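Next come the chains, spelled out residue by residue.
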Amino acid sequence: MPTKRLDKSSDAMFQPYYDAAAEQRFVLPQCGSCGHRFWYPQTSCPSCLSLEWTWRDTKPQGRIFSWTEVHHPFNEELTETVPFLVVIVEPDEAPGVHLVSSVRGIEPGELRVGLPVVATFAAPVWSDHMLPVFEIDPARV
Amino acid sequence: MAQTVNTSKQAVISGTGESRFSRRSDAPLARLQLDAINAALTDAGLEPGDIDGVFTDGSVMPVSFPIDVAQTNAGLHGVRRVGQFATGGTGTALAVMEAAKAIRQGDLHAALIYFGVDWGSSQPPYSFHDRYRAKVLYEQPYGYYGQALYFATIARRYAHEYGYTMDQLARGLGQIAVDHRANALLNSNAQQSRSLDLDTYLAEGMLADPLRRYDCCLQSDGAVALILTSEEFNSHKDRPAVVVTGAGYAADSITDESFFSQNPLFTSLPSAHRSAALALSNAGVTVEQLDFVQAYDCFTPSPLMQLEALGVCAPGAGIEYVTAGTAIGSDLPLNTHGGSLAQCYLLGINHISEAVRQLRGEAGAGQVKNASKGAVMMAPGRDHVTLILERS
Chain A
1 MPTKRLDKSS
11 DAMFQPYYDA
21 AAEQRFVLPQ
31 CGSCGHRFWY
41 PQTSCPSCLS
51 LEWTWRDTKP
61 QGRIFSWTEV
71 HHPFNEELTE
81 TVPFLVVIVE
91 PDEAPGVHLV
101 SSVRGIEPGE
111 LRVGLPVVAT
121 FAAPVWSDHM
131 LPVFEIDPAR
141 V
Chain B
1 MAQTVNTSKQ
11 AVISGTGESR
21 FSRRSDAPLA
31 RLQLDAINAA
41 LTDAGLEPGD
51 IDGVFTDGSV
61 MPVSFPIDVA
71 QTNAGLHGVR
81 RVGQFATGGT
91 GTALAVMEAA
101 KAIRQGDLHA
111 ALIYFGVDWG
121 SSQPPYSFHD
131 RYRAKVLYEQ
141 PYGYYGQALY
151 FATIARRYAH
161 EYGYTMDQLA
171 RGLGQIAVDH
181 RANALLNSNA
191 QQSRSLDLDT
201 YLAEGMLADP
211 LRRYDCCLQS
221 DGAVALILTS
231 EEFNSHKDRP
241 AVVVTGAGYA
251 ADSITDESFF
261 SQNPLFTSLP
271 SAHRSAALAL
281 SNAGVTVEQL
291 DFVQAYDCFT
301 PSPLMQLEAL
311 GVCAPGAGIE
321 YVTAGTAIGS
331 DLPLNTHGGS
341 LAQCYLLGIN
351 HISEAVRQLR
361 GEAGAGQVKN
371 ASKGAVMMAP
381 GRDHVTLILE
391 RS
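Residue numbers (this note's numbering), protein chains in the order written: chain A, 1 to 141; chain B, 1 to 392.
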């Protein structure tokens, strides 16, 4: 098992995402003024600069935007973990958001940009925290 | 239109110095950097006391070789202006741009710009991005770690958006690696000394699919120094003056932390498009007039995107363009020294010293015939600098 990476999820700005994931909820920052869902969290809304945004439940599904299969451990803690897949998912309800995640239950050769995916919650390859990871959504293939 | 350069009001890169470049140097970084500074002073024909401005990167050098250390060890007792640019890969190009402005305005006579790293012998720069909370908390848990992964996902998306097969993509990126290597073999200060062909490139296993070993830049110990002066302080009237005739900086409204995963366009560099247009415009030079391009090449997709930004080909046509070849001898050679892929990884400052070498006609076996105008582009990210350098 890879060792625990870092446990610095105590930042007020970032922690709510981890808290929601622990409850198996997928949340994104959403602007209270213009409704824009954005990523990563930052002090002001990147669309309208409003300071009034909140973490909002977001439908945990999207499509594969890009992906890579990692063969080389760029950190020695990942030596036993390679090869593994990393995907970038664009959530259906948040066009333009690129969620870095992983995908399960599919061979690299079957992976395609545009495939529909749905989130489940598990500890990914380099964390002990429950976070969104994705599976192919058979209902929408 | 090409215009006669009025050097009396221009900033000239009148000195360059390079340490020996290697994977692991026996000498500490401080010694490599001092070697480069002293070589640049000699090349410029100046004494340490002639330097009145010192500029460097502000992301790496403030810890490894800060300005006070440079000033003290090189004997730069006449310094009256300093600056650091904490903009990552654009830092030293921005330093040249700002030093050139100060010289054109008559505020400075001779400005030193320096940069060096010992990342070849100390540690690879992967942990450099641990400073970004979103990366640590939202990317690294999934193993999205190491800058190669950013460019792997960019390359795959690029192939998808523009309809290239993965084989076409591999042959395009591979040709970039092959051409950089061929250029490096003509440079006497390059780390790579063995030739590379496309079959060898393709036979390498993936590091982060679709990127292979030779899509990634070297790890290096080395240092470079540049000296900018007014034409009046350029002591070498006997050789061509290399003038900074154009410079453009542009930045997108997205943080460094967010850029590589959240860049809305993902497969292109908006700031590079704007900085290139600015630099060409204020130099009064067209892309067709350029004799070479030195573009920041941390990974092969990076110069690909910057060539598109410069306008040598349309967005999405880059793979076709590079597949046709960009080595010395092609219409517009790219990274004539071998770049970060095959000469040395110094975050691009060696691209500037190489541009000077080319424009002076001092590049030896790697000389681009009749080189009189060139572009330097740094770097793939939220912000970007393009410099246009011309021989007068």
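Incorrect hints may have been included.
Said to hold, decoys possible - Partial list, computed: chain A residues near chain B (C-beta under 8 angstroms):
no., residue
1, F26
2, W39
3, Y40
4, W67
5, T68
6, G96
7, S101
8, S102
9, F121
10, P124
11, H129
12, M130
13, L131
Hints were generated in silico from the structure; no laboratory data involved.
Computed from a predicted structure; not experimentally measured.
The beta-carbon is built from N, C-alpha and C at its ideal position, and this holds for glycine as well.
Here is how each hint holds up against the structure:
no. : hint : in the structure
1   : F26  : violated (13 angstroms)
2   : W39  : holds (6 angstroms)
3   : Y40  : holds (4 angstroms)
4   : W67  : holds (7 angstroms)
5   : T68  : holds (4 angstroms)
6   : G96  : holds (6 angstroms)
7   : S101 : holds (6 angstroms)
8   : S102 : holds (5 angstroms)
9   : F121 : violated (12 angstroms)
10  : P124 : holds (5 angstroms)
11  : H129 : holds (7 angstroms)
12  : M130 : violated (10 angstroms)
13  : L131 : holds (6 angstroms)
The structure does not agree with the numbered hints 1, 9 and 12 stated previously, though it agrees with the rest.
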